[in-house]
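Engineer: Using the sequences and the hints given, assemble the complete structure.
There are 2 protein chains.
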Amino acid sequence: MNTADLGLPVDVPSTALFTDQYELTMLRAALKAGTAERRSVFEVFTRRLPDGRRYGVVAGTGRVLDAVENFRFDEDVLRFLREREIVDEATLDYLAGYRFTGDIWGYPEGEVYFPGSPVMRVEGSFAECVLLETVILSILNHDSAIAAAASRMASAAGDRPLIEMGARRTHELAAVAAARAAYVGGFATTSDLAAGFRYGIPTVGTSAHAFTLLHDRERDAFQAQVDALGRGTTLLVDTYDVTEAVRTAVEVAGPELGAVRIDSGDLLLVAHRVRQQLDELGARDTKIVVTSDLDEYAIASLAAAPVDAYGVGTQLVTGSGHPTASMVYKLVARAETADPGAPLVPVAKKSSGGKTSVGGRKWAARRVDGHGIAEAEVVGTGPVPAELADRQLLVELVKGGEVTARESLDVPRDRHIAARARLPLSATQLSRGEPVLPTEYAHRRSGS
Amino acid sequence: MNTADLGLPVDVPSTALFTDQYELTMLRAALKAGTAERRSVFEVFTRRLPDGRRYGVVAGTGRVLDAVENFRFDEDVLRFLREREIVDEATLDYLAGYRFTGDIWGYPEGEVYFPGSPVMRVEGSFAECVLLETVILSILNHDSAIAAAASRMASAAGDRPLIEMGARRTHELAAVAAARAAYVGGFATTSDLAAGFRYGIPTVGTSAHAFTLLHDRERDAFQAQVDALGRGTTLLVDTYDVTEAVRTAVEVAGPELGAVRIDSGDLLLVAHRVRQQLDELGARDTKIVVTSDLDEYAIASLAAAPVDAYGVGTQLVTGSGHPTASMVYKLVARAETADPGAPLVPVAKKSSGGKTSVGGRKWAARRVDGHGIAEAEVVGTGPVPAELADRQLLVELVKGGEVTARESLDVPRDRHIAARARLPLSATQLSRGEPVLPTEYAHRRSGS
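Protein chains in written order, with the numbering used here: chain R, 1 to 448; chain V, 1 to 448.
Just so you know, the hints here were simulated from the structure itself, not pulled from any lab data. The model shown is predicted, which means the values in this text are computed figures rather than measured ones. Treat the hints with caution; some may be incorrect.
Treat identical chains as interchangeable: a pair holds within one or across any two.
[Claimed, not checked] The list that follows gives simulated cross-link-like pairs (lysine to any residue, SDA-like), each with its CA atoms no further than 20 Å apart:
| hint | residue 1 | residue 2 |
| --- | --- | --- |
| 1 | Lys350 | Gly380 |
| 2 | Lys32 | Asp216 |
| 3 | Lys350 | Asp266 |
| 4 | Lys287 | Ala305 |
| 5 | Lys287 | Asp266 |
| 6 | Lys399 | Arg422 |
| 7 | Lys399 | Gly341 |
| 8 | Lys32 | Thr243 |
Structural biologist: Written out as structure tokens, the structure is:
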């Protein structure tokens, strides 16, 4: 990687250690057994959506591509693995030259998914694919969980913009990924400067209660903020008495005041009162921003309130009750050799204890009705039925180790809006329910 | 920082952008208003524990110290802030020379806390302290949430070791911090190699179902693993039929087989059957490791089962239902000037809409009964009562900008065990309840 990139506070020089130890011990054993080079197909999917959710949102794909590209074992890492005796010399030799040379296909970022959807497929030797399990799952499970919550909030907010402000409620780098996933899911801006720096997401923010408390009078704080940031700024009006603060705010900034922010109390009631007061004071264009432990339900309940924007923190970065997706990364087929022509044998865990999988290398397509509305997620092995050929969901992401599908973050954001719009209307109901599309399996029968 | 450290995959060159934009706009306005240098005291505390929890666990303190030390605005960052017009030139000048020069005190890492406990106190100019809000909260809120879950799981597990294996269920760098927090909370090992590399936490891991599926027969997979990793390895026995796998495992490895892992099914039932089978096969010292969506309740329910170690993933890294603590960072006192001798004025948000705080610079002490068992968390302003003088909880962490309290990770781990042992017995009940200690406020009355 470009060493200049080391200046970026959210990059890491290598992603190779974001890996569970067992990936390396499996590699070690497979190298010794001569099975490490067997051509293999791994798939990422989930057996279920979070309880009550209607659809999932694929997010993090772009970050996965970065991670795969940066997956390298440098000297420091190799020394660590040697000293800890995690792997043997043969494995260290393999790792020193590691570079993913296989293919990755997947649902494009922003697309929706359902139980069984093969959201990502990784093909190559067992050795090169197995090592990527942990980092791919970390990224997709985290980012997709956040994007799913963001999408529900965006549905509930309608045309009103959503501000992501949850950095303080999650790990400092998870926060950057959360802001990115929130943007994919429909948020407009973030408070997180690292997310603005790294991903170009628009950033916002004006002041906290501390700023008012720093000054001798609320009026002094407002004056200081307007002097520095202009009349278009957003003044926080709930440090002492909201009514008095709104009056002072308009006195200080005039009717050109950009917005007031309310961060506590009964937001429905207070928003109505503040709107009325602002209108009476002639500040008809001054907006109202609310920010207090909002989730999609609270946002929906404010639909009729005179609110212009929502700031969402905790509930966004914790996935609104579901902080992780339950995607898994499973070997679904492998050949006897490394030969690209060797036939793939479908494989699957078969224990009676649950967690069984469907073997075989899969395609997926979304069948639509006569109005273009989705009616089923169809997942299959073998040839794709002709009527679904142009409804396929997996796209090429990496070919022969080279990333082929980079895109700017607005692309998955727009894609998500389009994909959600083609789901049945019940998709955006906030109430708990079944996945809005059934998953149908169209497997090739043996011998057919 | 040492550029050699850039090789570490979990370090970042600067933590300055892990910051909400409003910290910088507040700074900008305060610089212009001439209030930025006012001596200020910020405190970190929570108004409540997660619903039903009996105690909190302070974790992340060591990471906060790293973050404060690395909080620098380099050229790339300053350029970003200038281009986005987030701050003005005067603020950029201030940021270019930024270096925290104040003092930080706090509960030592691993200590328990309760609602209102001032777990960290940051003192300096308003300007230098306000900038640290977001990154300090990100770290403490995330790490403390994980450590609290870990502590409950460790209580439930008793003497049996816990393996942290949740990396795939959370952001790849949150995973590293989660492994660290889990260790502080009582876990023994982690699967996450980056956590082993960065923090020296012991790492473990052997194989997944994919390794069995890669091979033509389960026996081949077991043989390959034993050949590479020795008879002391842990074989995963639930890919096909558990009984058959256990028989094969002992045939391949002999009675010296280290352990078998069960990752699905009714663990209580299966563990009993497997133990009986292993004993009948003469593999009396072969251990049983269980790993399947465990949480503290599942661990407790296996107390009577013949299980030797637990692997915990999802529920650990998501805080077992509470993925974030709700700590806040509030200005509690400030002077009129930068003069160290200027009197501090207590300040607090007073709006009727909730979220009120207690003003004033605080001390905290844990009052104990005649048997040394804690009976109250006492928080106050003003002089510390003589009888509590040697029960104080805050310790110096940073003095004049220099970190004074670095410690190896075993110290907070041991401290947590000791602190928890001095709580009333009901602290380790898993059932929902009130905080096990009441928080008492001992505030100096005006004029006293």
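Engineer: Evaluate each hint against the coordinates.
Structural biologist: Structure-based check of all given hints:
1. Lys350 to Gly380: within (19 Å within a copy, 61 Å between copies)
2. Lys32 to Asp216: between (73 Å within a copy, 15 Å between copies)
3. Lys350 to Asp266: Intra 53 Å, inter 15 Å, cutoff 20 Å: inter-copy only.
4. Lys287 to Ala305: within (12 Å within a copy, 61 Å between copies)
5. Lys287 to Asp266: within (18 Å within a copy, 56 Å between copies)
6. Lys399 to Arg422: Neither, since 30 Å and 59 Å both go past 20 Å.
7. Lys399 to Gly341: Within. Shortest intra-copy distance 17 Å satisfies the 20 Å Cα cut-off; inter-copy 66 Å does not.
8. Lys32 to Thr243: Classified as neither: same-chain Cα gap 74 Å, cross-chain 27 Å, threshold 20 Å.
Going through the hint list in order, the structure does not satisfy hints 6, 8.
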